[in-house]
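Chain residues, written in single-letter form:
Protein chains: 2
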Amino acid sequence: MALIVQKYGGTSVGTIERIHRVADRVAQTQRDGHQVVVVLSAMSGETDRLIKLAHEATPTPDEREMDMLLSTGERVTIALLAMALRGRGINARSFTGRQGGIITDSAHTKARIARVTADRIREALAQGVIPVVAGFQGINEQSDVTTLGRGGSDLSAVALAAALKADRCIIFTDVDGVYTADPNIVPAAKRIDKIAYEEMLEMASLGAKVLQARSVEFAAKFNVPVEVNSSFKEGKGTLVTKEDADMEAVAVAGVTGDRNQAKITIVGVPDKPGIAARIFGPVAQANINVDMIIQNMSQAALTDLSFTVPRADLKQAIPIIQAVAKDIEAKSVSVTEAIAKVSLIGVGMRSHSGVAAKTFEVLSREGINIMMISTSEIKISCVIDEKYLELAMRALHAAFGLDQAQPAASQSGS
Amino acid sequence: MALIVQKYGGTSVGTIERIHRVADRVAQTQRDGHQVVVVLSAMSGETDRLIKLAHEATPTPDEREMDMLLSTGERVTIALLAMALRGRGINARSFTGRQGGIITDSAHTKARIARVTADRIREALAQGVIPVVAGFQGINEQSDVTTLGRGGSDLSAVALAAALKADRCIIFTDVDGVYTADPNIVPAAKRIDKIAYEEMLEMASLGAKVLQARSVEFAAKFNVPVEVNSSFKEGKGTLVTKEDADMEAVAVAGVTGDRNQAKITIVGVPDKPGIAARIFGPVAQANINVDMIIQNMSQAALTDLSFTVPRADLKQAIPIIQAVAKDIEAKSVSVTEAIAKVSLIGVGMRSHSGVAAKTFEVLSREGINIMMISTSEIKISCVIDEKYLELAMRALHAAFGLDQAQPAASQSGS
Chain A
1 MALIVQKYGG
11 TSVGTIERIH
21 RVADRVAQTQ
31 RDGHQVVVVL
41 SAMSGETDRL
51 IKLAHEATPT
61 PDEREMDMLL
71 STGERVTIAL
81 LAMALRGRGI
91 NARSFTGRQG
101 GIITDSAHTK
111 ARIARVTADR
121 IREALAQGVI
131 PVVAGFQGIN
141 EQSDVTTLGR
151 GGSDLSAVAL
161 AAALKADRCI
171 IFTDVDGVYT
181 ADPNIVPAAK
191 RIDKIAYEEM
201 LEMASLGAKV
211 LQARSVEFAA
221 KFNVPVEVNS
231 SFKEGKGTLV
241 TKEDADMEAV
251 AVAGVTGDRN
261 QAKITIVGVP
271 DKPGIAARIF
281 GPVAQANINV
291 DMIIQNMSQA
301 ALTDLSFTVP
311 RADLKQAIPI
321 IQAVAKDIEA
331 KSVSVTEAIA
341 KVSLIGVGMR
351 SHSGVAAKTF
361 EVLSREGINI
371 MMISTSEIKI
381 SCVIDEKYLE
391 LAMRALHAAF
401 GLDQAQPAAS
411 QSGS
Chain B
1 MALIVQKYGG
11 TSVGTIERIH
21 RVADRVAQTQ
31 RDGHQVVVVL
41 SAMSGETDRL
51 IKLAHEATPT
61 PDEREMDMLL
71 STGERVTIAL
81 LAMALRGRGI
91 NARSFTGRQG
101 GIITDSAHTK
111 ARIARVTADR
121 IREALAQGVI
131 PVVAGFQGIN
141 EQSDVTTLGR
151 GGSDLSAVAL
161 AAALKADRCI
171 IFTDVDGVYT
181 ADPNIVPAAK
191 RIDKIAYEEM
201 LEMASLGAKV
211 LQARSVEFAA
221 KFNVPVEVNS
231 SFKEGKGTLV
241 TKEDADMEAV
251 AVAGVTGDRN
261 QAKITIVGVP
271 DKPGIAARIF
281 GPVAQANINV
291 DMIIQNMSQA
301 ALTDLSFTVP
311 RADLKQAIPI
321 IQAVAKDIEA
331 KSVSVTEAIA
341 KVSLIGVGMR
351 SHSGVAAKTF
361 EVLSREGINI
371 MMISTSEIKI
381 SCVIDEKYLE
391 LAMRALHAAF
401 GLDQAQPAAS
411 QSGS
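Same order as they appear, the protein sequences are chains A and B.
Okay, so the first sequence: first residue is 1 according to my numbering, each after it adds one.
Okay, so the second sequence: first residue is 1 according to my numbering, each after it adds one.
Read the hints as simulated data drawn from the structure, not as lab findings.
Values in this document were obtained by computation on a predicted structure and should not be read as measured data.
Don't take each hint at face value.
Put simply, identical chains are the same to the list, so a pair is met inside one copy or across any two.
[To be verified] Okay, derived cross-link-like pairs now, SDA-like style, lysine to any residue, Cα gap no bigger than 20 Å in a straight line: (1) Lys52 <-> Gly14; (2) Lys52 <-> Gly87; (3) Lys190 <-> Ser44; (4) Lys52 <-> Glu17; (5) Lys272 <-> Ile328; (6) Lys52 <-> Arg21.
Generate the whole structure from the sequences, applying the supplied hints.
Structure, rendered in structure tokens:
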């Protein structure tokens with residue numbers, strides 16, 4: 001008998017019919033001899049509906065009130081699923097984030113979990129009751145409702161799994177796992193059976209929207225085995241777990257593409273100490289996340305400084321950068337929106353040399369110019385012209401052997 | 001400066017536009033120099049939508065889960081109103097039933113208020129914050145959400161007003177007060193300026209749907225002055241308060257009509273001790289509320305026994321009564337659905353004699369036969385043929401002087 005936390009996202013509980021399907025799957029897991037804790041999101045569309053109402057109430061809704069409002073969505077689904085389970089003769093009980101003992105800080109709309117007591121969940125399990133817990137929400141020390149930010153239900157599930165020392169946390173979603181690349185772009189992409197936390201974290205933060213990055217961090221910290229699987233079909237998913245020897249056998253686990261970046265170049269920056277701080281200080285103050293930064297020596301005592309920002313923040317960033325450029329007496333500012341970032345990820349890079357060299361060679365062979373490069377122990381990212389993104393992803397996917405069925409080593413995983 | 005609890009019902013907060021109108025009124029009350037506590041219902045239609053979902057989840061939803069589900073409705077409106085107020089620069093904060101300190105028993109879906117702590121409400125008031133509290137809901141000793149039954153938001157408001165020793169509790173609804181009769185039936189009906197708790201209680205339980213009966217009882221018990229007023233127009237409402245000399249000046253305060261009754265007669269009942277218990281025991285066991293009971297001596301040692309039951313329960317009651325009749329060897333059972341009950345209510349009846357006699361005379365003059373009569377200290381009810389109900393109400397309304405503007409005494413009220 002294993003203790004399994006199952007999390008179902010908004011599309012999986014988007015209608016009563018789908019809630020019934022979830023009830024069937026939970027019932028089956030119990031019949032298979034397991035203990036189950038269910039964590040749910042709000043019905044898909046509900047959070048957007050509530051946000052729209054809030055913005056009709058006032059242009060800038062108070063964040064505490066936003067949490068009061070948004071936390072209603074999961075309360076509806078947990079009650080409905082508990083009813084559907086009880087209608088099947090299964091003893092189930094719904095618990096809000098508060099009742100589940102999910103204690104957070106007071107950063108409304110993006111609270112961080114401080115601790116998980118889960119007393120009532122343990123009590124329910126001991127009584128043979130299936131606890132159905134509201135994801136995405138918690139309570140702060142003042143007894144006010146908080147929410148964990150978009151995708152926060154994943155985090156609720158992982159945190160509960162950690163607190164309960166569950167054998168596995170399964171995130172049911174609308175895809176059946178994590179792929180070596182986005183199948184819409186790379187048709188040869190394969191589902192990955194097993195992936196390391198670190199790899200998943202890079203995949204998540206680079207735009208593979210399967211698992212929320214914070215929940216992967218949390219899972220890694222508490223060593224919770226997380227499985228990503230489809231709520232719509234039966235079959236194997238992807239297991240996110242700690243790094244093992246199997247994974248190192250493969251150099252590259254996956255390829256990701258990111259179009260949500262823009263490049264800003266400040267041309268002719270006087271090369272003096274403290275210049276970088278004068279440039280990036282105001283950008284950070286405006287809460288704009290700078291991703292890659294590259295400094296090229298151009299002429300004597302003058303450098304060109306390029307960096308990428310999220311494309312959505314570009315409009316806000318440009319006047320700040322122009323003011324800074326004037327202030328530091330740089331020559332000009334140029335902006336390129338049509339860029340994209342292609343990345344290779346794999347813990348195997350630690351033991352496989354030559355991944356970077358091969359990447360550059362593949363891109364060069366395809367006639368793709370590399371504008372910026374950034375590397376870490378388990379990742380290589382190249383900024384390229386946006387129009388070549390699909391080509392670059394497909395070429396790299398093939399070159400690193402991801403088009404083939406995965407080697408036996410990494411299939412033995414889940 | 002007065003402390004005023006304002007309660008707005010579902011139609012008053014049914015859309016964002018209406019929530020903005022409520023915000024304006026709350027803001028005006030504060031500008032007028034008063035402290036305000038707001039109690040809200042769910043948006044009209046929301047509770048029905050949720051109940052429908054519940055019945056799609058399972059035919060017989062668990063009541064604890066039902067409360068989890070239904071309690072979301074008020075959380076939405078309190079958050080939206082708090083936002084709308086803050087958008088006007090007014091410091092407001094939403095509180096759930098739990099946060100408002102509304103502690104109930106564990107009778108889910110029809111919980112009774114055990115006590116109201118209201119600590120956070122007092123704290124908010126002391127800080128100059130307008131508390132916006134979810135009506136209809138509370139929390140039991142196990143920390144589970146409970147609801148107070150339909151119309152329970154009135155009760156929340158009155159209970160909070162009692163706990164806070166508020167100067168007044170105003171129930172804003174879609175009518176501007178309590179009338180001497182239903183204006184749809186009696187066009188000459190007048191708004192009552194001031195009415196005693198006891199009168200209001202009789203009016204409420206006899207079908208004047210303005211105020212929930214339990215909240216009137218609660219108000220009477222803790223002597224909370226309750227005003228019923230319109231949320232859609234400015235002006236005077238009806239003040240429900242303790243009986244005073246003004247009220248006794250008038251014999252009859254109002255006339256009500258009730259069509260939701262049916263009459264059952266058991267003909268030829270052997271007149272023996274214990275017969276009544278054998279008849280009404282099984283009816284009570286089936287949870288059918290018997291209202292009026294009349295026993296007529298018909299022949300030697302045989303009586304006819306007539307009583308009224310809610311028309312909705314008639315189908316269920318008939319087979320029970322037929323079985324009982326057979327059992328006690330009565331002659332037959334007859335049923336009359338087309339009856340109605342007309343009632344006169346007024347604390348003034350205590351000091352005015354002859355109200356009953358005048359009632360019978362008026363009905364007789366109109367050719368209306370009285371089937372059953374029941375009287376209390378402040379009420380006379382007559383069961384008549386349903387088709388005469390409007391005529392009876394109008395005739396009695398005129399005969400007891402209610403068509404005229406009210407005497408000055410009772411206008412001095414609110």
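To see whether the hints hold, each was checked on the structure:
1. Within a single copy, Lys52 and Gly14 get their C-alpha atoms as close as 18 Å, and across copies as close as 15 Å, so both meet the 20 Å cut-off.
2. When the C-alpha separation of Lys52 and Gly87 is checked against a cutoff of 20 Å, the pair qualifies only between copies, where the shortest distance is 15 Å, while the shortest distance within a copy is 34 Å.
3. Within a single copy, Lys190 and Ser44 get their C-alpha atoms no closer than 27 Å, and across copies no closer than 50 Å, so neither meets the 20 Å cut-off.
4. Taking identical chains as interchangeable, the C-alpha atoms of Lys52 and Glu17 lie at most 20 Å apart only when they sit on different chains, with a minimum of 14 Å there against 26 Å within one chain.
5. For the identical chains of this complex, Lys272 and Ile328 are intra-copy neighbours only, at 10 Å inside a copy versus 109 Å across copies, given an alpha-carbon limit of 20 Å.
6. In this assembly of identical chains, Lys52 and Arg21 lie within 20 Å of each other by CA distance solely across copies; the values are 18 Å between and 29 Å within a copy.
The structure does not agree with numbered hint 3 stated previously, though it agrees with all others.
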